[in-house]
Amino acid sequence: MIHLLLQATSESQGQAALSTSVPVSPADFWLPEGASTVSPQVDFAFQFVMWISYFFFVLVIGLMVYFAIKYRQRGREVYARGPSHHTMLELGWTILPTILCVFMFWFGFRGFIDLVTPPQNAYQIDVTAQKWFWNFRYPTGATSADSHLYVPAGRPVKLVMRSEDVLHAVFIPAFRVKKDIVPGRYGTLWFQTDHVTEGWNESDPEKQKFHHLFCAEYCGKDHSKMYAKVFVLPQADFDLWLEKQGRWMDELKGDELWQVAGPKLYGRCASCHTLNGGASTGPTWQGLWTRVSGGAGSDGKLDNGKETYASLIGAGKAFENPETYVRNSILNPGQHIVVPFGNVMPTFKGQLNDKAIDAIIGMMKNLDQFDAKGKFIGSGVTAAAK
Amino acid sequence: MTTLTPSGHAASTDNYLTFTRGIKSWMFTLDHKRIGVMYLISVLASFFVGGLFALIVRTKLLTPGEVTWIDADQYNQAFTLHGAIMVFLVIIPSIPGALGNFVLPIMLGAKDVAFPRLNLFSYYLWITGALLSVYALLAGGFDTGWTFYTPYSTSTETAGVIPVVMGVFVLGFSSIFTGLNFVVTIHKLRPPGMTWFRMPLLLWALYATALIQVLATPVLGITLLLLIIERAFGIGIFDPGMGGDPVLFQHFFWFYSHPAVYIMILPGMGIISEIIAVHSHRQIFGYRFIAFSSIAIAVFSFLVWGHHMFTSGQSPLMNVVFSFITFSVAIPSAIKVFNWLATLYKGAIALNTAMLYGLAFMFLFTIGGLTGLPLGTLNTDIHLHDTYFVVAHFHYVMMGSALIAMIGGIHHWWPKMFGVMFSEFWGRIGCTLVFVGFNVAFFTQFMLGSQGMPRRYYQYQPEFQTYHIVSTMGAYCMALGFFLTGAYLLHSLFFGKKAPANPWGGRSLEWQCTSPPPHDNFSTTPSVGNPYDFSDLRWNEAEQGYEVDPNAAPAKDTH
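The listed protein sequences correspond, in order, to chains A and V.
Residue 63 is where the first sequence starts when you use my numbering, and the numbers rise one by one after that.
Residue 115 is where the second sequence starts when you use my numbering, and the numbers rise one by one after that.
I should point out that these hints are in silico values taken from the structure, not numbers from a laboratory.
Every value quoted in this text rests on a predicted model; they were computed, and no experiment measured them.
Built from N, CA and C at the ideal position, the CB exists for glycine as well.
Any given hint could turn out to be false.
Far from chain V, by Cβ distances over 10 Å, these chain A residues were calculated [as the list claims (entries may be wrong)]: (1) 188; (2) 361; (3) 423.
Calculated pairs, SDA-like style, for lysine to any residue (alpha carbon to alpha carbon, straight line, at most 25 Å) [said to hold, decoys possible]: (4) 368/A to 379/A; (5) 612/V to 155/V; (6) 132/A to 109/A; (7) 271/A to 310/A; (8) 287/A to 183/V; (9) 427/A to 351/A; (10) 460/V to 133/A; (11) 427/A to 360/A; (12) 138/V to 229/V; (13) 306/A to 437/A; (14) 271/A to 577/V; (15) 287/A to 273/V; (16) 271/A to 87/A; (17) 368/A to 273/V; (18) 287/A to 395/A; (19) 291/A to 86/A; (20) 460/V to 123/A; (21) 132/A to 543/V; (22) 427/A to 271/A; (23) 460/V to 436/A; (24) 291/A to 250/A; (25) 287/A to 259/V; (26) 460/V to 141/A; (27) 460/V to 271/A; (28) 427/A to 250/A; (29) 437/A to 181/V; (30) 287/A to 185/V; (31) 411/A to 355/V; (32) 326/A to 576/V; (33) 437/A to 405/A; (34) 291/A to 573/V; (35) 138/V to 259/V; (36) 363/A to 185/V; (37) 220/A to 201/A.
To give a feel for the contact side, a few chain V residues facing chain A, derived at Cβ under 8 Å [claimed, not checked]: (38) 190; (39) 265; (40) 492.
Excised from the complex, chain V in its bound form (with noise of 0.2 Å):
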């Protein structure tokens, strides 16, 4: 098999970093791996952000009265504002935008994605959504919530409503560019050998994504246009008042926001089988059941988006037919899980960092998609529904899954993207305490909203007050582990030692160019064979890389 060993590249010492200077090199590039990089700091830039403002909530409600420091109205502008920024800002695009852009068309043996100026194109409406977003918190915030129920949405006094759906929309035409960029891709840029069934994965995830991106967003666009159509000359589509139906405006958002929440889990769930595959050293458990399963999601995301209304005075015949879909959607997330556990089974598990990660996953994950099942359920979601039980299991999802997910591909490919090393001692250290603090801030949680406590409170009942500090000190716990990732991982960029083309012993094709990877990705085709078969690398202790072994026998496709 020919390979792209850093010795063997005719412009070794020339990567995708040094091949152009300059700002403008970076402001107008076509690159993926940039424009990977551009997403990748603008995302970390609002989870930043959108932290601070949770950090606030969370210490808002280590008492349970009024407190001076915040009132009412601004802690819901917080609460908002950390929802919209976390799931518009962050989550929505970081693991299609940053790590998607950078690795999709480098697994898939292309030289770029198919529209490389519509991707480039996707970035600038991101930061143009994210300007609309300042723009409306200076012009005087939101209290909507990041749902934008109707008809608070469209009579609260704050002004910065108009100018942050504005935003959201903008935001969404980004993630439709980034799907349609990567369908095409799949579909057409895949060279010689590179079958369905050959891709990683991941691209499988992706794909999915992308397929939900371009069907389902335009419905958020239009339901948003609506709003700001009503708030702003008065015409009635949703307020009672004027012949409209607030319960249709959740039934046009949750038609897409709950297809959202797999295309913030799904790409996830693609990192997840990498790093479990590649760190386990083993073809991976039952390829075709997880690529399906990807699939099915996909389909099944947009026949279940009632399960969000079995309060809201939808007929009762509705919430029976969306409970019985809803538990149709359970079944391909749980054969995932059993999957990436088999795969475990008789692997040579490296516990690094990354894998830590996606041991952590698999573990939040159980516990989200677990507390998904009496929320699916008519009765007990009654009881559920509304309270901090959702909250946390929408954040053991969203964040304790997707975000793990890639915080754990970061630094999967941390050394592909920047040619370093990363301390795996620091980084074991703060994935412990991300993981501690996360579990502290988020279970207690779950008691509360069992018990009743309602969500997006600014005061409660004092006795779940003991609850509400544990849960606080999780939080700093979580922000204090994310700290330490962010120093260590801003040092390595600097201090770090060189990595080599395969730190892990991976075998999709991004380990067979160097670290960081040339411009063109490849200088020759690249030769395609099963991602996740491990049998031909061997340990090269001068490079402290993996490399193909020459005297292997030859692999071959198993699954």
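So that you can see chain A by itself, here it is in the shape it has in the complex (with noise of 0.2 Å):
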């Protein structure tokens, strides 16, 4: 039976999506700004319990409150003569609740069909969750290049997702959607908004509108970090925004690799790297280009201090030269640890190509033309602006 209805909610919505627009609804006192084509159904759900919540608590507490002061001892009366029992009053009180449950019940079951029930034509993108951050994967091959989520409007969009660790939860408050992501499986999550976010194409991230996702699912020392923004693209410029994730940093010209591709590409190492000396999950980029070309700090602990950089870095050592330090560590972060640090670093073998490499590589060398937060703000080379 279920799956029956499973079929019939999803047929209807698959065709209702194509030709309705749902509005985004504003955020009010208790829900922020609804954004996908479920809201409103999540939305009235919410607001149906609410109401019959008020309407309890109005009753119960008023009455309590003009029993207790009307009520009230004024000397030491010992005895008071109520009814100790009243049945028709007690069952009605059974019944009532008992009949409004069912009704809740029922929104809430109906909407959650729709909640499971991806539309046949659903545009897919592949989550990959990490200890401490996001991969969304394209039907083209192309990965996010800054991790956010893009997504296309006016059409229902399915998240295949699986974690590579432990359990994540992708959560989008504005979507009204949220869905855990359990290693060893794959889970689904789907939505379709129809409104486009302004200004994501400006360079200004205050001039930007997105839709937060969350993970949802506490996973360890930096779960509150594992953040992605959402941005909500007309068809056409997702397509442009698409094509370009394949190929962007072929466009990039010589410096620019590391001065455009760095600080993207930063975007996934932050949660455990600062690049300002402060203390974090993994070591800090500052001085690390230093450190590992035998510069101040080269006599630094690795393997629970068996090594240093200076023995394992060098002509006829482990590593020939820094650069296949830098990239060995990103490929295969478990061979050499850094004390005090933990193995927590999962690999990006698969998720960066050697092009992407040397724009880290780029960036960890000319750390002192990024801030604090990674924006380039070198010496004056226009080439870095979009």
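Two chains, two frames, some hints: make the complex.
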């Protein structure tokens, strides 16, 4: 029976989605802005439950306060004669809430079936969750370069999600959707939004409008930093954006590579590596290039004190040059662990190609031309602008 | 009706506190009252520690970004400790262990629980569990969250995970033995005349709780053992990398932990039934509905665990079934609230500290119960799951209801337990501070959650900061209220006026023996009547307490 229901709603949902456009509902006292096609349904169920709750709250607390004042003890009366039971009243306040609960269940059930039934024509995006960042991969094979989620407006989008390590969960409050990502399984979540977020291609982040995407299942130290922005683009802009994701680094020439690509790629590193020497899960990038190339700090300990940077890197040693060491640390991070950090970094094999690693190394070498958040502030290179 | 008035008692100067002396007489005592007092002290000490961790968490959340005095790892450990201490060391043992142990045998008319040695053993198991938790903290702490979800809990590098899981395992047995003891006591030690329907409603609630403790807690024990086996020996049970399933852990965990929610709240509901009836001097309304709703809650509590897992990836059909059954558990809770309300009607309500806590409970539990509805409704739960809305909801139920009932109960039975009266003036102020602080702290968290703020976050979006600041201020206000409460209660122990046998005009058996009760509770078998018939009481100005009026018409069972 449930499968019939699932199918029936799924087809009607898919068709309705193409023809009508659901408006954005503004944030109110309880709920944030609702921007997906399911949000009106969820909000209705929420308001329905809340109004019933207001009614019973006012009834119960109103009577409680009234009785407490009206029947308060004035002397030392020891015995009050009120009724000890009233069968009809008791049956009444058992049956009425039961009926209301059936309605609540029904609205929640109908809405839930829509939430878990992606339309057939949904556009699929593969999501990989790792401690502590998101990776979004599109049907063309391209991944979102800055690790934010870009989706087309006006068509259903399906996220097919897997985890590399522990439980995570995708939560987009404005879309009223959430789904755990369980290691060893694929989770799916779908939504459709008909409204473009303005300013997605502005260079100034202040002017960008976006929705939050949170990790909602506790996943350790930087759980709260496992965050992405959701940008909704018109289909045409989305197609252009997607085309660029595959080859955007190809267009960058010379120093542009680390100046432009470095900060974008650093978005994935930022949850564990600071640029200003601040403490975090992994070593700071400040002074990193000096350390690995034999300068100050090259006596820093690795592998529980068995090695130092200097003993590993250099001609005739394990790593011919610092570039090889850094590349290995990105692709094979568990091999050498910097003291006092733990072995927590995931591998980026298959996620960062050689060009991307070049860009990151370039950024490390020229860290003085970036601010603490990774924004390029170098000496008047206009190519840095988009 | 023969009663044990202070003057009529053969050894009225000798009570359970003075019966024997010396530290050993406490450590090896088999007296349920002394064991109850030891539980009370231990649980309140744990509450103090758990509360400090709460204040650390709330203080961090004043600012959205990183702070220098506590980093993300320490923050995660702080909220984990807060949750684990409050759930396993405070709320679960609080009412059954402390107040239940003290009043259950007296209310029943028995001299002790059925197995006094097992009772003492339960207490030492609690101590062992607490010590293991302290060891876990010293060995490197743990940052798993109190839910110990795999695979994070089997892979995190913090070294305290196995010790604390062992600790919770041991605490589980403490809880099982207490429950077992109460079930047998209520079945076998009722004196002549104490029929099931003459039992005060607290005993029904403790009985229902004990059934859950005995039946559900072993599942927690097994689950935690499996967790230890996987973490220590790498045998795949929950880890998909080794052929296990993380969702299986969640099923096991909530199969215990949802019933555990009722282990926490049911005794609280029992206390409130006592407080409301006694301080209204009025036959409780709908005795049988309240009694059976406790049993109904105990039964339904086993059938709703899946509502913690609506987003976990369990089958949609299962979600639908669990959502439906979840609503069925709302009904018995609603029945209780309506019955308490009807008990106030035409009562003679004494607005003293214990009753204020009773009314505060009704207020907070109504909010806690109603906000459970959008969490049981499937599509709204998808939005609210794992946000501060859930945090606020279960704080309203566990702290605002279960713990407030516990504190109300402490005030209600304080004269009985220690033979002294506390200051009603400071009591009312303390209650007001706690009540106002609590609502400021946690009502804001409903808004935070429905707006989309996920729980267990060290850093958060700046737009949420105002709510967080307000919430933290509420927490400080609550802390002030608790410190004040601790202060006047301690003060009363040394300087409080001597308590009469029956200061509030209660009619259940504990008010028939002296304050504090003698070592054996009753020197003669007490006569049992309707525990909520107050018609034969009168006020004795000299005693500053109530006593039975020998000229009153004989009491009759009316419910």
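Now for the hints, and whether the structure bears them out:
1. With a closest Cβ-Cβ approach of about 17 Å to chain V, residue 188/A is found to remain outside the 10 Å limit, as its non-interface label requires.
2. Listed as a non-interface residue, residue 361/A keeps its Cβ farther than 10 Å from every Cβ of chain V; the least gap is roughly 26 Å.
3. Distance to chain V confirms residue 423/A as a non-interface residue, since its nearest Cβ pair spans about 27 Å, more than 10 Å.
4. With a C-alpha separation of about 15 Å, the suggested pair residue 368/A and residue 379/A falls inside the 25 Å cut-off, and the hint holds.
5. For the hint pairing residue 612/V with residue 155/V, the CA-to-CA distance comes to about 21 Å; that is within 25 Å, so the pair holds.
6. Taking the CA atoms of residue 132/A and residue 109/A, the gap is about 33 Å. The hint is violated against a cut of 25 Å.
7. Taking the CA atoms of residue 271/A and residue 310/A, the gap is about 23 Å. The hint holds against a cut of 25 Å.
8. Restraint check for residue 287/A and residue 183/V: the C-alpha separation of about 18 Å stays at or below 25 Å, so the hint holds.
9. Of the supplied pair hints, the one linking residue 427/A and residue 351/A holds, its CA atoms being roughly 6 Å apart against a limit of 25 Å.
10. Of the supplied pair hints, the one linking residue 460/V and residue 133/A holds, its CA atoms being roughly 6 Å apart against a limit of 25 Å.
11. Our distance criterion of 25 Å between C-alpha atoms is met by residue 427/A and residue 360/A, whose separation comes to about 15 Å.
12. About 20 Å separates the Cα atoms of residue 138/V and residue 229/V, which keeps this hinted pair within 25 Å; it holds.
13. A distance of roughly 21 Å separates the Cα atoms of residue 306/A and residue 437/A; the hinted pair therefore holds under the 25 Å criterion.
14. Note on residue 271/A and residue 577/V: the hinted pairing holds, with a Cα-Cα distance of about 14 Å set against a maximum of 25 Å.
15. A threshold of 25 Å between alpha carbons decides the hint, and for residue 287/A with residue 273/V the separation of about 24 Å falls inside it, so the pair holds.
16. Our distance criterion of 25 Å between C-alpha atoms is met by residue 271/A and residue 87/A, whose separation comes to about 16 Å.
17. Of the supplied pair hints, the one linking residue 368/A and residue 273/V holds, its CA atoms being roughly 23 Å apart against a limit of 25 Å.
18. Taken as a hint, the residue 287/A and residue 395/A pair is honoured in the structure, with Cα atoms around 21 Å apart against an allowance of 25 Å.
19. For the given pair, residue 291/A sits about 18 Å from residue 86/A by alpha-carbon distance, which is consistent with the 25 Å threshold.
20. For the hint pairing residue 460/V with residue 123/A, the CA-to-CA distance comes to about 16 Å; that is within 25 Å, so the pair holds.
21. About 22 Å separates the Cα atoms of residue 132/A and residue 543/V, which keeps this hinted pair within 25 Å; it holds.
22. Straight-line distance between C-alpha atoms of residue 427/A and residue 271/A comes to about 33 Å, which puts the hinted pair past the 25 Å bound.
23. With a C-alpha separation of about 70 Å, the suggested pair residue 460/V and residue 436/A falls outside the 25 Å cut-off, and the hint is violated.
24. For the given pair, residue 291/A sits about 19 Å from residue 250/A by alpha-carbon distance, which is consistent with the 25 Å threshold.
25. Using a Cα cut-off of 25 Å, the hinted pair residue 287/A and residue 259/V holds, with the two alpha carbons roughly 17 Å apart.
26. Among the hinted pairs, residue 460/V with residue 141/A is consistent with the structure: their alpha-carbon atoms are about 10 Å apart, no more than 25 Å.
27. Distance restraint check for residue 460/V and residue 271/A: the Cα-Cα separation of roughly 59 Å exceeds the 25 Å cut-off, and the hinted pair is therefore not satisfied.
28. Our distance criterion of 25 Å between C-alpha atoms is broken by residue 427/A and residue 250/A, whose separation comes to about 40 Å.
29. As the CA atoms of residue 437/A and residue 181/V are separated by approximately 23 Å, the hinted pair is consistent with the 25 Å bound.
30. The suggested pairing of residue 287/A with residue 185/V holds, with an alpha-carbon distance near 13 Å, which does not exceed 25 Å.
31. At roughly 19 Å between alpha-carbon atoms, residue 411/A and residue 355/V fall within 25 Å of each other, so this suggested pair holds.
32. Taking the CA atoms of residue 326/A and residue 576/V, the gap is about 23 Å. The hint holds against a cut of 25 Å.
33. Taken as a hint, the residue 437/A and residue 405/A pair is broken in the structure, with Cα atoms around 28 Å apart against an allowance of 25 Å.
34. About 16 Å separates the Cα atoms of residue 291/A and residue 573/V, which keeps this hinted pair within 25 Å; it holds.
35. This hinted pair does not check out: residue 138/V and residue 259/V have alpha carbons roughly 38 Å apart, beyond 25 Å.
36. Among the hinted pairs, residue 363/A with residue 185/V is consistent with the structure: their alpha-carbon atoms are about 23 Å apart, no more than 25 Å.
37. For the hint pairing residue 220/A with residue 201/A, the CA-to-CA distance comes to about 11 Å; that is within 25 Å, so the pair holds.
38. The criterion of a C-beta within 8 Å of any C-beta in chain A is met by residue 190/V, whose closest approach is roughly 7 Å, and the hint holds.
39. Because the beta carbon of residue 265/V sits about 5 Å from the nearest beta carbon in chain A, less than 8 Å, this interface hint is met.
40. Look at residue 492/V: its Cβ gets to within about 4 Å of chain A, closer than 8 Å, so that hint holds up.
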